[in-house]
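Got chain A sorted already, so can you dock chain B onto it with the hints?
The lines below spell out each chain.
Number of protein chains: 2
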Amino acid sequence: MFRSASSPPKKQAVTPRQIRTRERADRGIPEATVARLPVYLRALHSLQDRGIATVSSEELATAAGVNSAKLRKDLSHLGSYGTRGVGYEVEYLVYQISRELGLTQDWVVAIIGVGNLGRALAGYGGFASRGFRVAGLLDADAGIVGAHICGLTVEHIDELETVIKDRGVSIAVIATPAGAAQVVCDRVVAAGVTSVLNFAPVVLTVPEGVDVRKVDLSIELQILAFHEQRKAGGPMGDQAEPEYEVLEGDGPSDGAQYIEAVDA
Amino acid sequence: MFRSASSPPKKQAVTPRQIRTRERADRGIPEATVARLPVYLRALHSLQDRGIATVSSEELATAAGVNSAKLRKDLSHLGSYGTRGVGYEVEYLVYQISRELGLTQDWVVAIIGVGNLGRALAGYGGFASRGFRVAGLLDADAGIVGAHICGLTVEHIDELETVIKDRGVSIAVIATPAGAAQVVCDRVVAAGVTSVLNFAPVVLTVPEGVDVRKVDLSIELQILAFHEQRKAGGPMGDQAEPEYEVLEGDGPSDGAQYIEAVDA
Chain A
856 MFRSASSPPK KQAVTPRQIR TRERADRGIP EATVARLPVY LRALHSLQDR GIATVSSEEL
916 ATAAGVNSAK LRKDLSHLGS YGTRGVGYEV EYLVYQISRE LGLTQDWVVA IIGVGNLGRA
976 LAGYGGFASR GFRVAGLLDA DAGIVGAHIC GLTVEHIDEL ETVIKDRGVS IAVIATPAGA
1036 AQVVCDRVVA AGVTSVLNFA PVVLTVPEGV DVRKVDLSIE LQILAFHEQR KAGGPMGDQA
1096 EPEYEVLEGD GPSDGAQYIE AVDA
Chain B
856 MFRSASSPPK KQAVTPRQIR TRERADRGIP EATVARLPVY LRALHSLQDR GIATVSSEEL
916 ATAAGVNSAK LRKDLSHLGS YGTRGVGYEV EYLVYQISRE LGLTQDWVVA IIGVGNLGRA
976 LAGYGGFASR GFRVAGLLDA DAGIVGAHIC GLTVEHIDEL ETVIKDRGVS IAVIATPAGA
1036 AQVVCDRVVA AGVTSVLNFA PVVLTVPEGV DVRKVDLSIE LQILAFHEQR KAGGPMGDQA
1096 EPEYEVLEGD GPSDGAQYIE AVDA
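These protein sequence lines map, in sequence, to chains A and B. In my numbering, each number is its position in the first sequence, counted from 1, plus 855. In my numbering, each number is its position in the second sequence, counted from 1, plus 855.
Take these hints with a grain of salt, some might be off.
Put simply, identical chains are the same to the list, so a pair is met inside one copy or across any two.
With a straight-line Cα cutoff of 20 Å, these simulated SDA-like cross-link-like pairs (lysine to any residue) come out [to be verified]: (1) LYS1086 - ILE884; (2) LYS928 - VAL889; (3) LYS928 - GLY940; (4) LYS1020 - ALA1045; (5) LYS1086 - GLY883; (6) LYS1086 - ASP961; (7) LYS1086 - GLN960.
I should point out that these hints are in silico values taken from the structure, not numbers from a laboratory.
Only chain A is shown next, with the shape it has when bound in the complex (with noise of 0.2 Å):
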C-alpha cells in the first residue's frame, strides 16, 4: 500500500539541499537505522490510515516506540530533517523511507517448507502490503504438495531451482525444519539467491555477499523472561531490582516496546 517508484507525490521535486542531503544520506546508513526503519514506516501507514497528514518527531517516535532524538538521527541519514514547528510530511515520509528500503519495487519471494508456520507466512497479509509477492511454496512432503493455500499450488522441493529462475525469486524464505535448512540453503544459493530469510532454529552458512536474517520466534521470549526474572527480584530470585544502565536517551515512554539494541 504504498506508492511505486514510477509515481512519487508530487512534494518529490528534489531541490539542491535534497540533493546535498541525499548525497550525504548513501555515504551509509547505519545498521540499527536500517532496522528502525520498517517500524517507523509501520506507524507512518497506520497514520495515513487515520488521515493524519503531519506528524511531529515525538509523535511518530512514541507510536513507534523509540525517543525522538534517536528518531530525528535516523531520519536524518535519509536527508529528511521535518519542518520546525510542523513536523515530517507523512505521505512523503512514507516515499522516502520506502524508496530507501526498496519497497517501492516489488520482491518474489519464495517460501520453503509449508508447515503451520509457511501457512501462516503465505496467508501473512504484511507481506503482500510492502511489496513482497510469494510466488512460490514448496514442500519435500509428498502429503502437502499438490494443495492449495492462498490462490498458490505446493510444489515438490525438486522444482527448486526452476521456480527460482522461472519467477525471478529473489529472496528465499527457509521455514523447513532444523535438519533441512541449511540444504535448502545451499540450493537457493547455488540458484543466485542473494537473500535468505531463515525461521529455521539453526545458524546457516552462507557464502560472502549472501544476506541472511534469522526469524527465531523463542528469542524475543527469552528477552522477555530476562526482564520477567528481573521484576521478580533478579536471576538469584532474592535480590532487589537491581540498578539498570540506563542508555541515555533510550527507551520508550510507555513500557519496553522495540527496546533498541545499542551498544555504547
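Below, chain B alone, put in the same frame as chain A:
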C-alpha cells in the same frame, strides 16, 4: 534442554572473583547484550549436541554470527571471561546464560489467537526446549474452540482471565488479527500479565511496567530488501554501490547473519 537452577554443573562453586564479577554484572546488562544472549545460547546448545566441551571466543562468535570482541564483552557482563588459550566451558556458559535469562525456571505461556500462526507457535519446539510451557490456547472463533492442538484443547477467549489466573500464565503471546490485539492485550494486562509477545501487525499500548516485544514477520524482509537493493545499485537503481559505514570490528565473517544494531 538446559539444567534447572537446582542442578547446576559442578563448576558452579563460586570463587571470590566470581562473586565480585557477578556483583559487577548485576549492576546492569545492556539491552543489546540481553538480545544476543539467546543467540549465544542456541549456538552453545548446538555445540553440546556435537559433544564439544570447550569453545574459543572466535568459534562461538562465528557460530552466533557476531564478532569475537563483542562476544567477549557481552560475556564479561555475566562475569564470564573464559580461559586464555582454552576458551569457554560450554556447559558452564550454558548454565550462566540460562540463569541470567531466567531460563532455569519454567515460564507459563498462553497463546491467544489460534490461526496458522498460533498453531505454528503451539507446535514450535524452540519454546518447550527453553522452558516456555504453553498452558493455554484461546480463540474467539467457535469453529476453532474445542480443537485439539499439540496436546491442548483450544478454549474460548471468554476464559482468558480464568486461564491466566488458574494456570499461572506469566507471558501472553498474541497471535490474533490486528484489530483484536489491543483489546486482548488490555485484558491480559488487567489479569496481571506483565510480559507480552505480540505477533499482530499493530503497535500495542501498555502501562508502565509491562514489557511488550513485537515480532513483525515482514520487518526482517524489509531489511533484506534494503540490502538486496543496495547490491543492485542503491535506491536510485543507477548508482554504483555506496560506500558503507563500516562499524569497527563489527559484522560476521560469512555474510550478514544477525546484523547487529549498533549505533555509533
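The hints, checked one at a time:
no. : hint              : verdict
1   : LYS1086 - ILE884  : between (35 Å within a copy, 14 Å between copies)
2   : LYS928 - VAL889   : within (12 Å within a copy, 24 Å between copies)
3   : LYS928 - GLY940   : within (17 Å within a copy, 42 Å between copies)
4   : LYS1020 - ALA1045 : within (11 Å within a copy, 52 Å between copies)
5   : LYS1086 - GLY883  : between (39 Å within a copy, 13 Å between copies)
6   : LYS1086 - ASP961  : between (44 Å within a copy, 15 Å between copies)
7   : LYS1086 - GLN960  : between (45 Å within a copy, 14 Å between copies)
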